[in-house]
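Q: Quick mapping for you: the protein sequence lines, in order, are chains A and B. Okay, so the first sequence: first residue is 1 according to my numbering, each after it adds one. Okay, so the second sequence: first residue is 199 according to my numbering, each after it adds one.
Please keep in mind that the hints were generated in silico from the structure rather than gathered at the bench. There could be a bad hint or two in this list.
[To be verified] No more than 30 Å apart at the CA atoms, straight line, and that leaves these computed lysine-lysine pairs for DSSO-like: (1) K102(A) to K324(B); (2) K289(B) to K89(A); (3) K274(B) to K121(A); (4) K289(B) to K71(A); (5) K102(A) to K294(B); (6) K212(B) to K102(A); (7) K324(B) to K121(A); (8) K9(A) to K294(B); (9) K89(A) to K322(B); (10) K274(B) to K114(A); (11) K71(A) to K319(B); (12) K121(A) to K322(B); (13) K230(B) to K102(A); (14) K212(B) to K319(B); (15) K274(B) to K115(A); (16) K319(B) to K89(A); (17) K89(A) to K220(B); (18) K325(B) to K196(A); (19) K106(A) to K274(B); (20) K106(A) to K212(B); (21) K121(A) to K153(A); (22) K325(B) to K9(A); (23) K324(B) to K9(A); (24) K274(B) to K193(A).
[To be verified] If you want the ones that stay clear, here's a sample from chain B, every Cβ over 12 Å from chain A, calculated: (25) N221; (26) H226; (27) D228; (28) H232; (29) H236; (30) M253; (31) V257; (32) E262; (33) L264; (34) T271; (35) I275; (36) V283; (37) A302; (38) E314.
Just so you know, even glycine gets a beta-carbon here, dropped at the ideal spot from N, CA and C.
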Amino acid sequence: MAANQTPAKLVNESIVEFLTTEMVEAMIRTIHDDAFKPGDRDLALSNAGDGAGGPKDYSEGDEAMEAVYYKLEMIGFRVGERLIERISKDRMRFTDNLDVVKFVCKEVWMFLFKKQIDNLKTNHRGVYVLQDNNFRWFARMAHDQSSAESVKKVTPYLWFPCGILRGILSNLGIASVVVAETSSLPGCTFQIKIAKTT
Amino acid sequence: MANINISCIAIIGKQNNPLYIKNFNPSHADLKYHYIAHTSCDVMEERAAMKAQDMYLGVLFSMEDLSVYGYMTNTKIKFITVLTVPDVIIKDLDMKNIFRRIHAAYVSHASNPFYEIDSQKMIKSKKFEQEIEAIGRGRALEGGNRNSLTATGA
Numbered sequence: 001m002a003a004n005q006t007p008a009k010l011v012n013e014s015i016v017e018f019l020t021t022e023m024v025e026a027m028i029r030t031i032h033d034d035a036f037k038p039g040d041r042d043l044a045l046s047n048a049g050d051g052a053g054g055p056k057d058y059s060e061g062d063e064a065m066e067a068v069y070y071k072l073e074m075i076g077f078r079v080g081e082r083l084i085e086r087i088s089k090d091r092m093r094f095t096d097n098l099d100v101v102k103f104v105c106k107e108v109w110m111f112l113f114k115k116q117i118d119n120l121k122t123n124h125r126g127v128y129v130l131q132d133n134n135f136r137w138f139a140r141m142a143h144d145q146s147s148a149e150s151v152k153k154v155t156p157y158l159w160f161p162c163g164i165l166r167g168i169l170s171n172l173g174i175a176s177v178v179v180a181e182t183s184s185l186p187g188c189t190f191q192i193k194i195a196k197t198t
Numbered sequence: 199m200a201n202i203n204i205s206c207i208a209i210i211g212k213q214n215n216p217l218y219i220k221n222f223n224p225s226h227a228d229l230k231y232h233y234i235a236h237t238s239c240d241v242m243e244e245r246a247a248m249k250a251q252d253m254y255l256g257v258l259f260s261m262e263d264l265s266v267y268g269y270m271t272n273t274k275i276k277f278i279t280v281l282t283v284p285d286v287i288i289k290d291l292d293m294k295n296i297f298r299r300i301h302a303a304y305v306s307h308a309s310n311p312f313y314e315i316d317s318q319k320m321i322k323s324k325k326f327e328q329e330i331e332a333i334g335r336g337r338a339l340e341g342g343n344r345n346s347l348t349a350t351g352a
């Protein structure tokens, strides 16, 4: 409504990047705080020695990491749901699922990361693989090119965008499962599985 | 732009659940518009399947002195505007403009993190109501004035 009268509001980009990064950290920290109260377990004691930064070892406490995954994914889901209302406002109606996925690859990615998806593959049976060779939110992360360690550490940062994708699709009436993985930083792939319903 | 007398604006959610309904015309009871909104659900779905491209669905049907216009977003939210039929032809462009304003109001409402998109509750928001009010009344006033002018002219 007011978009015509007031000039567009701008947000500093690095703030957004800091926020998304810090959100993951904060989630991991709070979950661990909730899950392991002081003196609750041996694990808590050993982790307490690491200082306030919280446990960095993601392999420990798989349950806790699952809780982190759930939280981040849900936040993303809610963001995605709202986002699509806004981005799809002046767009023509979608014809089919492929049309939606193409829209995600082009316009949504443009909106979120100022670039398009580099490669889209599909088996035409509801599985879509979106490949981004230079994922924006990884651009500022120091990493070891081939190390499995950095890949593992970076995984939680993919859960939020996974949720966004699922939220977008869900609000467009497509139930889906979205998983992301990365093999060589700073690239990553998102796999969208669309449940066969319609 | 003139001659548009909005009687009612209704918003229907994904599961055909009512989200918002506002009556601008005291000559009909609210119930009538509830009835119209219900009736238009099916028509809208049919239309959307037929002419797949545009979100604006045009005149859904007419009923006595009222004509019903529909609009369905990509996220399957349906907007309905009921007009009292004027003497002149209403341009699609004007209707599209009205719907676009309603859509914009809905989008900014949906962006509120405290609003549960899937909750199926009726929309209760001061700002949103003000916006809809402005769309409905603003048009109604404008149209009303013009109407009286044309009446005297004739």
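Q: Could you run down the list of hints and mark each one as holding or not?
A: Hints versus structure:
no., hint, verdict
1, K102(A) to K324(B), "37 Å, violated"
2, K289(B) to K89(A), "21 Å, holds"
3, K274(B) to K121(A), "27 Å, holds"
4, K289(B) to K71(A), "48 Å, violated"
5, K102(A) to K294(B), "26 Å, holds"
6, K212(B) to K102(A), "23 Å, holds"
7, K324(B) to K121(A), "46 Å, violated"
8, K9(A) to K294(B), "26 Å, holds"
9, K89(A) to K322(B), "22 Å, holds"
10, K274(B) to K114(A), "27 Å, holds"
11, K71(A) to K319(B), "24 Å, holds"
12, K121(A) to K322(B), "43 Å, violated"
13, K230(B) to K102(A), "42 Å, violated"
14, K212(B) to K319(B), "12 Å, holds"
15, K274(B) to K115(A), "28 Å, holds"
16, K319(B) to K89(A), "22 Å, holds"
17, K89(A) to K220(B), "23 Å, holds"
18, K325(B) to K196(A), "39 Å, violated"
19, K106(A) to K274(B), "22 Å, holds"
20, K106(A) to K212(B), "25 Å, holds"
21, K121(A) to K153(A), "26 Å, holds"
22, K325(B) to K9(A), "19 Å, holds"
23, K324(B) to K9(A), "23 Å, holds"
24, K274(B) to K193(A), "22 Å, holds"
25, N221, "21 Å, holds"
26, H226, "27 Å, holds"
27, D228, "25 Å, holds"
28, H232, "25 Å, holds"
29, H236, "21 Å, holds"
30, M253, "6 Å, violated"
31, V257, "18 Å, holds"
32, E262, "31 Å, holds"
33, L264, "26 Å, holds"
34, T271, "7 Å, violated"
35, I275, "8 Å, violated"
36, V283, "27 Å, holds"
37, A302, "5 Å, violated"
38, E314, "9 Å, violated"
The structure fails hints 1, 4, 7, 12, 13, 18, 30, 34, 35, 37, 38 (numbered hints given earlier, in ascending order).
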